[in-house]
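**Q** Listed below are the residues making up each chain.
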Amino acid sequence: MDDKILIDKIAQKDEKAFQLFVEKYQSLVLNVCNNILNNYDDAMDVSQEVFIKIYNTIDQFRGDAKVKTWLYRISVNNSLNYLRSRKKQKWFTNLDVLFSDDKDSIEPVDSELKPGENIEQEENKKALYYALRKLPEKQNIAISLHNFEDLAYNEISEIMNITVSEVGVLINRGKKKLHKLILKYYENN
Amino acid sequence: MNCKEFRKSLPLYLDGEINPNKKKKLDIHLDSCAECSLFYQKISGSLFQLHSKKDIDEQAFYYTRLKQRMLNKVQQESFIHSALFKKSLQLSTYFASIVIAVFIGILIGSGSDKLQYSDINYDSKDYLKSYMEYQYLNDFELENKENILLTDTIE
Ligand SMILES: [Zn+2]
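Line by line, the protein sequences give chains F and G.
The first sequence begins at 1 in the working numbering and counts up by one.
The second sequence begins at 1 in the working numbering and counts up by one.
These are computed hints drawn from the structure, not numbers from a lab.
Possibly wrong hints are sitting among the right ones.
[As the list claims (entries may be wrong)] Calculated pairs, DSS-like style, for lysine-lysine (alpha carbon to alpha carbon, straight line, at most 27 Å):
1. F/Lys66 with F/Lys16
2. F/Lys88 with F/Lys175
3. G/Lys24 with F/Lys126
4. F/Lys184 with G/Lys8
5. F/Lys184 with G/Lys42
6. G/Lys86 with F/Lys184
7. G/Lys73 with F/Lys16
8. G/Lys8 with F/Lys180
9. F/Lys134 with G/Lys87
10. F/Lys126 with F/Lys88
11. G/Lys8 with G/Lys24
12. F/Lys88 with F/Lys24
13. G/Lys4 with F/Lys24
Small disclaimer: the values here were computed from a predicted structure and weren't measured.
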């Protein structure tokens with residue numbers, strides 16, 4: 001079924017249409033969230049909140065916009081909000097870390113060892129996710145969308161509501177910072 | 001080039017923004033130093049992960065879980081609503097009773113004030129009255145006595 005028809009039906013609270021829509025896009029939404037959050041359980045939670053938001057605000061969808069762009073945008077925003085709220089939580093629960101001298105202590109990054117992966121690869125991922133999380137938000141998003149979602153600069157510019165050249169700047173700066181952060185991770189570990 | 005210099009130049013090396021001359025020196029050090037070679041391997045291993053797509057497979061029962069979540073949300077919201085309604089009802093009852101209590105307090109306060117004020121007035125009036133009456137009585141008494149005396153004398 002065409003997306004436009006599906007969306008019209010969801011706007012009329014058609015359950016079947018919503019189910020079809022969710023089944024069609026669950027992979028996309030779940031993966032975007034996971035690529036930003038780097039944690040399966042969090043990604044599962046946030047992705048479901050994305051679909052609930054879509055269900056409740058579907059009448060705000062502009063007919064001329066691309067459904068995928070819209071889905072990416074809501075997924076990115078919800079993941080960012082989740083990260084921000086978690087950062088705030090950490091501030092309050094880890095006051096001792098804040099007041100300790102070791103400000104650059106490395107936060108644990110959750111990641112599971114998948115079958116066929118060795119410990120080295122696991123450590124490589126840990127360092128990468130640590131570095132991605134330490135990047136400024138926009139740089140993290142641009143790099144994640146470009147590298148993990150295989151999106152072109154013009155697609156990223158639509159999702160992030162910035163120009164194509166700004167996307168380029170974000171990715172270039174982000175990668176340089178990423179190199180330094182990974183270096184720092186291995187120097188401390 | 002020593003290890004310290006190597007590490008210092010590594011970010012530029014990774015960015016691909018190092019001049020060819022320096023790159024050559026770094027490469028030579030990388031080949032000859034086991035420690036720096038291992039360090040570099042770790043970093044490039046992490047950067048390689050940036051290019052390996054990490055897809056989560058299609059999730060079974062995703063929609064079922066989503067529906068359950070939506071249902072829980074609705075129930076939670078209605079629970080919050082009813083809890084809020086109860087709370088606001090409680091609050092308004094408290095508030096109303098406080099207002100009534102204060103009103104009664106003012107009523108009693110101002111009422112007793114009036115009573116006291118009129119009491120004083122009444123008392124003072126009464127006092128004057130009784131004083132006047134007493135005076136009159138005295139006068140009468142005096143008069144009577146005088147009269148008696150007078151009559152007595154007349155008689
Ligand atoms: Zn060395």
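**Q** State for each hint whether it applies.
**A** Outcome of the hint check:
1. F/Lys66 with F/Lys16: 22 Å, holds
2. F/Lys88 with F/Lys175: 26 Å, holds
3. G/Lys24 with F/Lys126: 30 Å, violated
4. F/Lys184 with G/Lys8: Given that 27 Å is the threshold and the Cα spacing comes to 11 Å, the pair holds.
5. F/Lys184 with G/Lys42: Holds. F/Lys184 to G/Lys42 sits at ~12 Å (cutoff 27 Å).
6. G/Lys86 with F/Lys184: 55 Å, violated
7. G/Lys73 with F/Lys16: 20 Å, holds
8. G/Lys8 with F/Lys180: 10 Å, holds
9. F/Lys134 with G/Lys87: 43 Å, violated
10. F/Lys126 with F/Lys88: Within the cut-off at roughly 22 Å; holds.
11. G/Lys8 with G/Lys24: Roughly 15 Å separates the two Cα atoms, so the pair holds.
12. F/Lys88 with F/Lys24: Violated, because 34 Å separates the two Cα atoms, which is more than 27 Å.
13. G/Lys4 with F/Lys24: 53 Å, violated
Checked against the numbered hints given earlier, the structure breaks hints 3, 6, 9, 12 and 13 and satisfies all the rest.
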